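Dock chain B against the given chain A, drawing on the hints supplied.
In order, the protein sequences belong to chains A and B. My numbering puts the first residue of the first sequence at 224, with every later residue one more than the last. My numbering puts the first residue of the second sequence at 2, with every later residue one more than the last.
Misleading hints may appear alongside valid ones.
Said to hold, decoys possible - Quick list of simulated restraints, FRET-style, between CB atoms:
#1 Gln294(A) with Pro683(B): 40 to 46 Å
#2 Gly258(A) with Cys743(B): 52 to 58 Å
#3 Asp621(B) with Asp307(A): 50 to 56 Å
#4 Asn62(B) with Val241(A): 40 to 46 Å
#5 Gln294(A) with Gly467(B): 46 to 52 Å
#6 Glu246(A) with Gly219(B): 39 to 45 Å
#7 Cys743(B) with Gly279(A): 47 to 53 Å
#8 Arg44(B) with Gly258(A): 35 to 41 Å
#9 Leu110(B) with Arg309(A): 41 to 47 Å
#10 Arg294(B) with Lys349(A): 45 to 51 Å
#11 Arg309(A) with Pro635(B): 24 to 30 Å
#12 Arg619(B) with Gly258(A): 42 to 48 Å
#13 Ser290(B) with Ser356(A): 48 to 54 Å
#14 Arg309(A) with Asp621(B): 48 to 54 Å
What the hints assert, rightly or not - Residues from chain B shown here face chain A by an in silico Cβ test under 10 Å; the list is partial:
#15 Thr20
#16 Pro185
#17 Arg268
#18 Gly374
#19 Leu375
#20 Ser376
#21 Asp622
#22 Phe637
Said to hold, decoys possible - Only pairs whose alpha carbons sit at most 25 Å apart, straight line, appear in this in silico DSS-like list of lysine-lysine:
#23 Lys349(A) with Lys286(B)
#24 Lys378(A) with Lys306(A)
#25 Lys669(B) with Lys157(B)
#26 Lys414(B) with Lys247(A)
#27 Lys227(A) with Lys247(A)
#28 Lys149(B) with Lys212(B)
#29 Lys669(B) with Lys353(A)
#30 Lys286(B) with Lys729(B)
#31 Lys669(B) with Lys149(B)
Hints listed in this document are in silico derivations from the structure and should not be mistaken for laboratory results. All values reported here derive from a predicted model rather than from experimental measurement. Backbone N, C-alpha and C define an ideal beta-carbon position, used for all residues, glycine too.
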Amino acid sequence: MPDKLLMRFRVNGEPQEVAVRVEKTLLEVLREDLGLTGTKHGCELGECGMCAVAIGGRPILSCLALAVECQDQEITTVEGLAKDGRLDPLQETFAALGAAQCGYCTPAFLVTARALLDRDPHPSRKTIAKALSGALCRCTGYLKIFEAVEEAMLKATAPGAAHASPPPASTPGAPAPSTAPSPAPGGSPA
Amino acid sequence: MPAPLIGASVGRKEGQEKTRGAACYVDDMTLPGMLHGVTVRSRVPRGRIRGIRYEGDIPWNEFTIVTARDIPGKNVVTLLTEDQPFLADQFVNHPEEAIVLLAHTDRFLLEEARRHVAFDIDPLPPVFSIEDSLARKAVVWGEDNVMKSFLVEKGKVDDVWARADLVFEGEYETGAQEQLYIEPQGMIAQASPADGVTVWGSLQCPYYVHKALMPLFGLPPDRVRVVQMTTGGGFGGKEEYPSMIGGHAALLSWKAGGRPVKIIYDRAEDMVATTKRHPSRTRHKTALSRDGRLLGMEIDFVVDAGAYVTLSPVVLSRGTIHAAGPYRCDHVRIRSRAVATNAPPHGAFRGFGAPQSIFALERHLDRAARALGLSPEELRRRNLLRQGETTATQQEVLEKINLPSLLDLALEKSEWRRRKEEFAAHNRSGADAVKKGLGLAVFFHGSGFTGSGESYLASVVGAEAGRGGRVTVLAASTEIGQGTNTIFSQIVADALAIPYDWVEVAQPDTSRVPNSGPTVASRTAMIVGKLVETAALGLRDKLRAGGFLGVTYDDRAWAEACDRYLDLHGTLQAQAKYELPPHVKWDDKTYTGAAYGAFGWAVYVAAVSVDTVTYETRVDDFVAVQDIGRVLHPVFAAGQVEGGVAQAIGFALYENVILANGRMVNGKMTNYVMPTSVDLPPIRVFFQEVPYEYGPAGAKGVGELPMDGPAPAILNAIEDALGVSVRKIPALPEVVMEAAGCL
Chain A
224 MPDKLLMRFR
234 VNGEPQEVAV
244 RVEKTLLEVL
254 REDLGLTGTK
264 HGCELGECGM
274 CAVAIGGRPI
284 LSCLALAVEC
294 QDQEITTVEG
304 LAKDGRLDPL
314 QETFAALGAA
324 QCGYCTPAFL
334 VTARALLDRD
344 PHPSRKTIAK
354 ALSGALCRCT
364 GYLKIFEAVE
374 EAMLKATAPG
384 AAHASPPPAS
394 TPGAPAPSTA
404 PSPAPGGSPA
Chain B
2 MPAPLIGASV
12 GRKEGQEKTR
22 GAACYVDDMT
32 LPGMLHGVTV
42 RSRVPRGRIR
52 GIRYEGDIPW
62 NEFTIVTARD
72 IPGKNVVTLL
82 TEDQPFLADQ
92 FVNHPEEAIV
102 LLAHTDRFLL
112 EEARRHVAFD
122 IDPLPPVFSI
132 EDSLARKAVV
142 WGEDNVMKSF
152 LVEKGKVDDV
162 WARADLVFEG
172 EYETGAQEQL
182 YIEPQGMIAQ
192 ASPADGVTVW
202 GSLQCPYYVH
212 KALMPLFGLP
222 PDRVRVVQMT
232 TGGGFGGKEE
242 YPSMIGGHAA
252 LLSWKAGGRP
262 VKIIYDRAED
272 MVATTKRHPS
282 RTRHKTALSR
292 DGRLLGMEID
302 FVVDAGAYVT
312 LSPVVLSRGT
322 IHAAGPYRCD
332 HVRIRSRAVA
342 TNAPPHGAFR
352 GFGAPQSIFA
362 LERHLDRAAR
372 ALGLSPEELR
382 RRNLLRQGET
392 TATQQEVLEK
402 INLPSLLDLA
412 LEKSEWRRRK
422 EEFAAHNRSG
432 ADAVKKGLGL
442 AVFFHGSGFT
452 GSGESYLASV
462 VGAEAGRGGR
472 VTVLAASTEI
482 GQGTNTIFSQ
492 IVADALAIPY
502 DWVEVAQPDT
512 SRVPNSGPTV
522 ASRTAMIVGK
532 LVETAALGLR
542 DKLRAGGFLG
552 VTYDDRAWAE
562 ACDRYLDLHG
572 TLQAQAKYEL
582 PPHVKWDDKT
592 YTGAAYGAFG
602 WAVYVAAVSV
612 DTVTYETRVD
622 DFVAVQDIGR
632 VLHPVFAAGQ
642 VEGGVAQAIG
652 FALYENVILA
662 NGRMVNGKMT
672 NYVMPTSVDL
682 PPIRVFFQEV
692 PYEYGPAGAK
702 GVGELPMDGP
712 APAILNAIED
722 ALGVSVRKIP
732 ALPEVVMEAA
742 GCL
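Next comes chain A alone, as it looks inside the complex (with noise of 0.2 Å):
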């Protein structure tokens, strides 16, 4: 077996064609061959849920996952959940509501729940509690990231309701190393 295979597959909508060495696993080369290190890592043992992306619509582990698995496959990322500019109504209500704090499991819950409520437009709070159980978060005991979920399915089912606003066009206050170079930013998304 050669060390490097050349992966195909989707990522937020584009085309991505890489080498990747083989046995690195999908979340590595999200990270560092891509450069999408919106989606984290807790554990690298399937333990945590932080690594959570969403093949094909389904949420998965992508530290479980080899790269080399997922050839053809489409991959949606933190990065992709935001349409022609727009945030997806969970990435609001996960701002303004306290669902994110220290903001490092986020993308994770963001990911499931998308898949959840791509699915099941309705979910009961049980529901909602179950689809998110593989995710850890240490901050915030849960409750406002089930506020949140149902929030944004509120949105999504109230009359005439748009997909959400444009994003901010900076966000004051936010951190970046001042004299570092950039540190590799999210994916554009499609």
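For chain B alone, coordinates are given in the frame of chain A:
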């Protein structure tokens, strides 16, 4: 005048950055030519190092290798006591102690290499428990293993035993707890003699790291720079340990000729090697009158500090001061000790000693009430501290506290009386193997550093006005999820009557921000927030003094005033420096006086089910009532309480650190179990707002308070359900089963 932002739940300042996946945590940052670094640890709990071997088929010449011999300055992690080295030299004192550092570009090869470093260590006798340490089975630290002790004396407790109707004794234990922030620890460093040392990392306290790195390299303050990246939770776990990782990464970079080095811990390494909550053992002896008045309390509180001092004296101090709770009692003696064992040092974790001593007290009082034939709420009600009375350290409570009303609200919201009857009937009926119980805890938590601590810190905050009236807060206080960026912006916007969007909080970077102290001790809102307000008002005063701004103004006038000032003077800055309020007088020698400027006060109620087949406990409902002064941001404050209660439910029921020979053997999230989204009850949060004069807009601290009360409330509820007295946590099924006599 715009509507006030304080008291409104404005959007999180960096919220959309976090939900877009754009926030930059340390492992999201890559520098050109960067190496990865790893730490090779002792594995032997205590011994003398005789040699290091680099084995196997590893191209060792490609690696950067650092040992204690490579350290350019002082090999000590500067904090309180100079006992902990960055790298063990002759001796190791715990099994996770770092001896060798390795760096390489290839992470896979690096991991392979780590496994091929071998140590020759002659073992020395270790101790692993509080009892063995106190008994000096081996002396592993100083002359007697005791790193710190305190004695608090109020009245004459020895005289009360004879006249008490009941003298009630008990012993209580709490286990270690892992902070389990979801982002593992990590740092990137770039260090060379020519350029000095810069580190970027996941951390709570930039100036702690700064203070530790200067002596390590023998560099002056301006040659060391510490930058906080977006930080994925801390809970105390990123208070002191980042100094260690930052030092290691910088030592590797220094040896590698200034190439940047990144060290990111994986979860297992983070769980086993970094600090955890101190295990504790508390003994209570309490004198009571027949009608339930507290006549005297004698408390012996001991914590396991691990191998080095780190922050243990301060953790012990807070645990000691909180050990007698928010009760009126004229005769109190509290003795406390932090003792050494050969486990990795235990450290800061939300609550900082108080959850341990409060667990013991609130379990003990519940049991004492039972012994007296009083209800637990009534025993407490008869002893609740009132304004003008004194705590164990003889601090006169000046705040307008109303503990009876907090208690009433908690009983009302939890439907205490009705449910007590309902549960008793349910349990009596015997129809169900699941028994139900209700338990409460009454407690307090001091905001800010203890005693004179805040005046030693002498925190400084800056504010800077820019073009168009924009204001930047300059502080070393970090956003770690709790909402620092947002509340600082609310405070400034309200103080200056300018839009929220005009305020930003600078990234904590020691080359740019003044030292506003560490982000710990529930001090950021109350202490630093007040300084933020004062610094912001300083900008306004400068503009007015120069005639740039009138007494009344709108946004436009403010923006124009700033622009004109900047045209003339170039910069507009103001600073505020902390001064102790006049009522905070503390005597470190006698351990008496005002320990804290203000306290948060709370009454929590837990409703539980215990399955008498499996002995699993489930929390079904949780009511959290508290006074934290003015609530700055209702959603964030509730979030702090909900998250704190969740973490404390883990502390009470699930989270069991198993140490074998000083090593945590269950360093995974599957066998060290924290609550998931299906494990938690509704957590119902209520505030009674009593503004505190010296906090911004009347706010006090909230971060740690919710960690203190849930464990005793839950264990009290277990006793209510089963009639079985569990006195240690975590109350795993086997612990409850054993207490019930079924094991």
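A quick look at each hint next to the structure:
1. At about 45 Å, the beta-carbon gap between Gln294(A) and Pro683(B) stays in the expected band of 40 to 46 Å.
2. Separated by about 56 Å at the C-beta atoms, Gly258(A) and Cys743(B) satisfy the suggested range of 52 to 58 Å.
3. A C-beta distance of roughly 45 Å is found between Asp621(B) and Asp307(A), which places it outside the suggested range of 50 to 56 Å.
4. Taken as a hint, the range 40 to 46 Å is violated for the pair Asn62(B) and Val241(A), whose Cβ atoms sit roughly 31 Å apart.
5. Between Gln294(A) and Gly467(B) the CB atoms are about 51 Å apart, so this pair conforms to the stated range of 46 to 52 Å.
6. Taking the beta carbon of each, Glu246(A) and Gly219(B) are about 42 Å apart, inside 39 to 45 Å as hinted.
7. At about 49 Å, the beta-carbon gap between Cys743(B) and Gly279(A) stays in the expected band of 47 to 53 Å.
8. Between Arg44(B) and Gly258(A) the C-beta distance comes to about 37 Å, which sits within the given range of 35 to 41 Å.
9. Distance hint check for Leu110(B) and Arg309(A): the Cβ-Cβ separation is about 44 Å, which falls inside the suggested range of 41 to 47 Å.
10. Separated by about 47 Å at the C-beta atoms, Arg294(B) and Lys349(A) satisfy the suggested range of 45 to 51 Å.
11. Remark: the range hint 24 to 30 Å for Arg309(A) to Pro635(B) is upheld by a beta-carbon distance near 28 Å.
12. Look at Arg619(B) against Gly258(A): about 44 Å separates their beta carbons, and that is inside 42 to 48 Å.
13. A C-beta distance of roughly 50 Å is found between Ser290(B) and Ser356(A), which places it inside the suggested range of 48 to 54 Å.
14. Checked against the hint of 48 to 54 Å, the pair Arg309(A) and Asp621(B) fails, with Cβ atoms roughly 41 Å apart.
15. For Thr20(B), the suggested interface contact is upheld, since its CB lies about 4 Å from the closest CB of chain A, less than 10 Å.
16. Interface restraint check for Pro185(B): the shortest CB-CB distance to chain A comes to about 7 Å, inside 10 Å, so the restraint holds.
17. Here the hint on Arg268(B) is kept, as its CB sits about 4 Å from the closest CB of chain A, short of 10 Å.
18. For the restraint placing Gly374(B) at the interface with chain A, the shortest Cβ-Cβ distance is roughly 36 Å, beyond the 10 Å limit, so the hint is violated.
19. At its closest, the beta carbon of Leu375(B) sits 33 Å from a beta carbon of chain A; the interface hint therefore is violated under the 10 Å criterion.
20. The beta carbon of Ser376(B) is not positioned within 10 Å of any beta carbon in chain A (closest approach about 29 Å), and the interface hint is therefore violated.
21. Given hint, Asp622(B) at the interface with chain A, is violated; its Cβ is 13 Å from that chain's nearest Cβ, farther than 10 Å.
22. Nearest Cβ of chain A to the Cβ of Phe637(B): about 6 Å, under the 10 Å cut. The hint holds.
23. For the hint pairing Lys349(A) with Lys286(B), the CA-to-CA distance comes to about 45 Å; that exceeds 25 Å, so the pair is violated.
24. With a C-alpha separation of about 16 Å, the suggested pairing of Lys378(A) with Lys306(A) holds against the 25 Å cut-off.
25. Taken as a hint, the Lys669(B) and Lys157(B) pair is broken in the structure, with Cα atoms around 49 Å apart against an allowance of 25 Å.
26. Using a Cα cut-off of 25 Å, the hinted pair Lys414(B) and Lys247(A) is violated, with the two alpha carbons roughly 53 Å apart.
27. About 10 Å separates the Cα atoms of Lys227(A) and Lys247(A), which keeps this hinted pair within 25 Å; it holds.
28. For the hint linking Lys149(B) to Lys212(B), the alpha-carbon distance of about 23 Å falls within 25 Å, and the restraint holds.
29. Distance restraint check for Lys669(B) and Lys353(A): the Cα-Cα separation of roughly 22 Å lies within the 25 Å cut-off, and the hinted pair is therefore satisfied.
30. Between Lys286(B) and Lys729(B), the direct Cα distance comes to roughly 17 Å. Compliance with the 25 Å bound is thereby established for this hinted pair.
31. Using a Cα cut-off of 25 Å, the hinted pair Lys669(B) and Lys149(B) is violated, with the two alpha carbons roughly 32 Å apart.
The structure fails to meet hints 3, 4, 14, 18, 19, 20, 21, 23, 25, 26 and 31 from the earlier list, while all remaining hints are met.
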